[in-house]
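Asker: Sequence:
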Amino acid sequence: MPHTQINSQTLDTQTTECLLQTWDVIAFLIPIINITCKQRIINKTCIQLCERSKGQRQ
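Position one of the sequence shown corresponds to residue 1 (the UniProt record's numbering), numbered consecutively onward.
Think of the hints as simulated: they come from the structure by calculation, not from any bench.
Predicted model only: the values in this text are computed from it and were never measured.
Cβ coordinates follow ideal geometry from the N, Cα and C atoms, glycine included.
Each statement offered as a hint is correct.
Pairwise CB distance ranges (calculated):
id : residue 1 : residue 2 : range
1  : CYS18     : ILE42     : 34 to 42 Å
2  : GLN48     : LEU19     : 36 to 44 Å
3  : LEU49     : LEU29     : 26 to 34 Å
4  : ASN34     : THR13     : 28 to 36 Å
5  : GLY55     : ILE26     : 37 to 45 Å
SDA-like cross-link-like pairs, simulated, lysine to any residue; straight-line CA separation at most 25 Å:
id : residue 1 : residue 2
6  : LYS38     : SER53
7  : LYS38     : LEU49
8  : LYS44     : LYS54
9  : LYS44     : LEU29
10 : LYS38     : ILE26
Sequences are here, hints too, so could you generate the full structure?
Answerer: What follows is the structure, encoded as structure tokens:
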């Protein structure tokens, strides 16, 4: 019985560490994702503005 308790404790620690590492990665990726999303929105707006200006010229 004590053996299984030790196993469950180590498993909990490993799971917690894994979750913390995953969260670190997620926390690191969120700003990058936000930046790429913003860049895409900016790119879309630029493209739309370019197309509008081309349309006005023609």
